[in-house]
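Add chain B to chain A, keeping to what the hints say.
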Amino acid sequence: MINVLFFGPVAERAGVRQISLNFREGLRWQDVRDTLRVRHPEAFEIVSIVAVNGQRVGEQDASLLADGAEVVFMSAFSGG
Amino acid sequence: MIDAVRLQTEDFSLDAEVATLRAGSKRIGGISTFLGCARDFSGEREVHEIAFDAYHGMALAELTRIRDEAIARFSLIDARIVHRLGTVRAGENIVLIVVGAEHRAPAFDACRWLIDELKARAPIWKKEVSPQGESWVTPHP
Chain A
1 MINVLFFGPV
11 AERAGVRQIS
21 LNFREGLRWQ
31 DVRDTLRVRH
41 PEAFEIVSIV
51 AVNGQRVGEQ
61 DASLLADGAE
71 VVFMSAFSGG
Chain B
1 MIDAVRLQTE
11 DFSLDAEVAT
21 LRAGSKRIGG
31 ISTFLGCARD
41 FSGEREVHEI
51 AFDAYHGMAL
61 AELTRIRDEA
71 IARFSLIDAR
81 IVHRLGTVRA
91 GENIVLIVVG
101 AEHRAPAFDA
111 CRWLIDELKA
121 RAPIWKKEVS
131 PQGESWVTPH
141 P
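Sequence lines, in order, name chains A and B.
End of the first sequence = 80 in our numbering, gap-free, step of one.
End of the second sequence = 141 in our numbering, gap-free, step of one.
Since the hints were derived computationally from the structure, they do not count as laboratory data.
Be aware that a few hints might be false.
[To be verified] Partial chain B-side listing against chain A, Cβ under 7 Å, derived:
| id | residue |
| --- | --- |
| 1 | G36 |
| 2 | A38 |
| 3 | Y55 |
| 4 | G57 |
| 5 | M58 |
| 6 | I71 |
| 7 | L118 |
| 8 | K119 |
| 9 | A122 |
| 10 | K126 |
| 11 | W136 |
| 12 | P139 |
The beta carbon of each residue, even a glycine, is placed where N, CA and C say it ideally should be.
So that you can see chain A by itself, here it is in the shape it has in the complex (with noise of 0.2 Å):
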């Protein structure tokens, strides 16, 4: 599985904090966001920092998810 989390403003527009989706090989982050942007587009409207396994990742990173990768979709920061 892969478990994508949501916090904050993205999780109120989503109305929903955690999801689970079947993982297959080949799968990257930008899968993910593609798929569940179709379901919560106002939810990823604001979204402009993604974390994958609690590390930022770029529009550039092509890494391969691994079955059990966490992936938090974020808006932008505003805590202090």
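Same frame as chain A, now just chain B:
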């Protein structure tokens, strides 16, 4: 020993954090602190409370990394970072940064650098709750 970097729902004590830092070394010649508080207004609106959400694991790891970087970059003797999560009422504490250095300049500089880095790098979000409704805060300088 209480951890030097913490995310917690309960309030914290500035005095206790400073005392813990001081107890670690007598080489400290200057301590600088930044205490972030919850304002009771935002623009024209009253704010009763602020609700914080965080990607806890990444936030704690990032704050730990920021602390380590500050200690190396400013030759600090020690630094502590505490950030509250959950609901914080207007007037209450949000975040505390305490740094100890041999001299005042690196203590001041590190304190400013740490809060700026925290805001830019820690996955934490806040929502202001007012009589007019709730709204997530968008980052500003």
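Each hint, compared with the structure:
With a least beta-carbon distance of about 6 Å to chain A, the hint placing G36 of chain B at the interface is held under the 7 Å criterion. Taking 7 Å as the C-beta cut-off, the interface hint given for A38 of chain B is violated, the closest approach to chain A being about 11 Å. With its C-beta approaching chain A no nearer than about 5 Å, Y55 of chain B sits inside the 7 Å limit, and its interface hint holds. Annotation: G57 of chain B was flagged as interfacial toward chain A, and the flag holds, the nearest CB pair being 6 Å apart, inside 7 Å.
A distance limit of 7 Å between C-beta atoms decides the matter here; for M58 of chain B the minimum to chain A is near 5 Å, and the interface restraint holds. For the restraint placing I71 of chain B at the interface with chain A, the shortest Cβ-Cβ distance is roughly 19 Å, beyond the 7 Å limit, so the hint is violated. For L118 of chain B, the suggested interface contact is upheld, since its CB lies about 5 Å from the closest CB of chain A, less than 7 Å. Nearest Cβ of chain A to the Cβ of K119 of chain B: about 4 Å, under the 7 Å cut. The hint holds.
Because the closest C-beta pair between A122 of chain B and chain A is about 5 Å apart, less than 7 Å, the hint holds. Taking 7 Å as the C-beta contact cut-off toward chain A, the hint placing K126 of chain B at the interface holds, the least distance being around 5 Å. A cut of 7 Å between beta carbons decides the hint on W136 of chain B: the least distance to chain A is about 4 Å, and the hint holds. Evaluation of the P139 of chain B hint against chain A yields a held restraint, the C-beta minimum of about 5 Å falling below 7 Å.
Checked against the numbered hints given earlier, the structure breaks hints 2, 6 and satisfies all the rest.
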